[in-house]
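Trainee: Each chain, letter by letter, is given below.
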Amino acid sequence: MKDILKNINKVFDHRVRLGIMSALMVNDTIDFNSLKDILGVTDGNLASHIKSLEKEEYISIKKQFIGKKPNTKYSITKLGKLEFIKHINALEKLLNNN
Amino acid sequence: MNKEDYLKEIAEIKTIMNRSSRFISLSGLSGILAGIYAIIGAITAQLILTNYKNSSSSYSLLPISYLEYTLIVIALLVLLLSILSAYILSAKKAKKSGEKLWDATSKRLILNFSIPLFTGGAFCIVLYQNNLIGLIAPCTLIFYGLACLNASKYTLGDIRYLGLATIIIGLVSTQFIGYGLYFWAFGFGVMHIVYGAVLYNKYDKNIH
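Chain order of the listed sequences is A and B. Mapping of the first sequence onto our numbering: position 52 corresponds to residue 52, and the numbering continues sequentially without gaps. Mapping of the second sequence onto our numbering: position 49 corresponds to residue 49, and the numbering continues sequentially without gaps.
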């Protein structure tokens with residue numbers, strides 16, 4: 001039981017952060033506005049959660065311009081993918097054990 | 001956290017993965033309508049063809065190219081009506097469930113559906129150029145099936161089986177040249193109605 005709980009990642013212990021990771025697991029890149037639509041959250045809320053995931057180096061950010069408009073794209077890092085899979089596996093084990 | 005929280009969390013991960021990578025507003029009802037248009041189109045084409053063969057009919061006085069144009073117009077009309085219905089009904093479904101019709105998922109779906117479809121269309125023109133008319137119906141079925149198969153990764157996964165069924169019908173029909181219209185009516189007509197009904201029952205009924 002202790003081993004399983006060790007794999008439950010505190011960083012993912014929030015709806016929005018879990019949502020960002022879930023969406024990035026199945027898409028190569030997603031831009032800010034699409035992510036906002038998918039999760040149904042406000043700009044500020046999304047930005048703060050993105051920042052915390054970026055700090056852990058679970059996601060990477062690529063800034064570019066489409067015409068004159070700035071466009072920021074996010075993608076999941078190798079580490080992020082690994083940690084997310086660990087987290088999901090731990091969740092499943094907890095479900096099976098209970 | 002207790003068991004229910006974990007279950008909820010996993011369910012939410014699944015929903016977001018689906019919603020962010022697949023276009024889920026595809027309307028089942030539009031599939032049924034597309035099938036009906038195809039069958040009406042096939043019957044009309046059959047009537048025109050039998051009329052043409054009976055020399056007593058006025059059609060026989062017309063050059064063959066006129067007949068070909070009529071059949072092409074019928075096929076294009078079926079295609080146009082099907083696309084229009086799919087667009088209108090999917091837009092309605094998206095609005096009802098609070099999704100966007102035109103976003104990254106629908107763009108990706110259209111692109112990945114179009115590539116095999118246009119390849120098939122070009123190949124059918126080549127068949128026509130080489131006077132291999134009998135292979136055109138099987139060719140449209142096979143490439144349409146491949147388009148569905150390819151698109152299934154970007155929308156409701158059930159489309160995969162519609163694709164496989166259409167490919168098989170197309171391959172079988174290559175062995176029955178001259179009966180293309182019947183296979184066409186079965187592949188595009190009956191299969192669309194069946195799969196449209198399956199999708200409608202599975203996804204659309206619960207949206208109010």
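Rather than coming from a laboratory, the hints here were simulated on the basis of the structure. Beta carbons: idealized from backbone N, C-alpha and C, even for Gly. Incorrect hints may have been included.
Claimed, not checked - Computed list of lysine to aspartate or glutamate pairs in DMTMM-like fashion (alpha-carbon distance at most 25 Å, straight line): (1) A/K51 <-> B/E9; (2) B/K92 <-> A/D37; (3) B/K53 <-> B/E12; (4) A/K86 <-> B/D5; (5) A/K36 <-> A/D3; (6) A/K55 <-> A/E83; (7) B/K107 <-> A/D31; (8) A/K36 <-> B/E68; (9) B/K107 <-> A/E92; (10) B/K107 <-> A/D28; (11) B/K100 <-> A/E92; (12) B/K8 <-> A/E92; (13) A/K63 <-> B/E9; (14) A/K6 <-> B/E12; (15) A/K86 <-> B/D103; (16) B/K95 <-> A/E92; (17) B/K3 <-> A/E57; (18) B/K205 <-> A/E92; (19) B/K95 <-> A/D37.
As the list claims (entries may be wrong) - Covered by chain A, according to a simulated footprint, are these stretches of chain B (three or more residues, beta-carbon under 8 Å): (20) 17-24; (21) 95-105; (22) 131-138.
Trainee: If a hint holds in the structure, say so; if it doesn't, say that too.
Mentor: Status of each hint after checking the structure:
1. The hinted pair formed by A/K51 and B/E9 meets the criterion: a straight-line CA distance of about 22 Å does not exceed 25 Å.
2. Restraint check: the Cα-Cα separation between B/K92 and A/D37 comes to about 18 Å, which is no more than 25 Å; the hinted pair holds.
3. Distance restraint check for B/K53 and B/E12: the Cα-Cα separation of roughly 61 Å exceeds the 25 Å cut-off, and the hinted pair is therefore not satisfied.
4. Proximity of A/K86 to B/D5 is assessed by CA-CA distance (about 18 Å); at most 25 Å being required, the pair is judged to hold.
5. Distance restraint check for A/K36 and A/D3: the Cα-Cα separation of roughly 35 Å exceeds the 25 Å cut-off, and the hinted pair is therefore not satisfied.
6. Restraint check for A/K55 and A/E83: the C-alpha separation of about 14 Å stays at or below 25 Å, so the hint holds.
7. Restraint check: the Cα-Cα separation between B/K107 and A/D31 comes to about 15 Å, which is no more than 25 Å; the hinted pair holds.
8. Between A/K36 and B/E68, the direct Cα distance comes to roughly 51 Å. Violation of the 25 Å bound is thereby established for this hinted pair.
9. Among the hinted pairs, B/K107 with A/E92 is inconsistent with the structure: their alpha-carbon atoms are about 34 Å apart, more than 25 Å.
10. Using a Cα cut-off of 25 Å, the hinted pair B/K107 and A/D28 holds, with the two alpha carbons roughly 15 Å apart.
11. For the proposed pair B/K100 and A/E92, the alpha carbon gap of about 32 Å is over 25 Å, so the pair is violated.
12. Our distance criterion of 25 Å between C-alpha atoms is met by B/K8 and A/E92, whose separation comes to about 12 Å.
13. Taking the CA atoms of A/K63 and B/E9, the gap is near 31 Å; set against the 25 Å cutoff, the hint is violated.
14. For a cut-off of 25 Å, the pair hint linking A/K6 to B/E12 stands: about 22 Å separates their Cα positions.
15. Pair hint A/K86 plus B/D103 does not hold up; C-alpha atoms about 31 Å apart against a cutoff of 25 Å.
16. For the proposed pair B/K95 and A/E92, the alpha carbon gap of about 34 Å is over 25 Å, so the pair is violated.
17. Distance hint between B/K3 and A/E57 is unfulfilled; the C-alpha atoms sit about 29 Å from each other, more than 25 Å.
18. A distance of roughly 31 Å separates the Cα atoms of B/K205 and A/E92; the hinted pair therefore is violated under the 25 Å criterion.
19. The hinted pair formed by B/K95 and A/D37 meets the criterion: a straight-line CA distance of about 14 Å does not exceed 25 Å.
20. Residue count for the region 17-24 of chain B with a Cβ under 8 Å from a Cβ of chain A: 4. That meets the three needed, and the coverage hint holds.
21. Counting residues of the region 95-105 of chain B whose C-beta lies closer than 8 Å to any C-beta of chain A gives 3; at least three are required, and the coverage claim holds.
22. For a cut-off of 8 Å, the count of residues in the region 131-138 of chain B with a CB near a CB of chain A stands at 0, and the three-residue condition is violated.
When each numbered hint is compared with the structure, violations occur for hints 3, 5, 8, 9, 11, 13, 15, 16, 17, 18 and 22.
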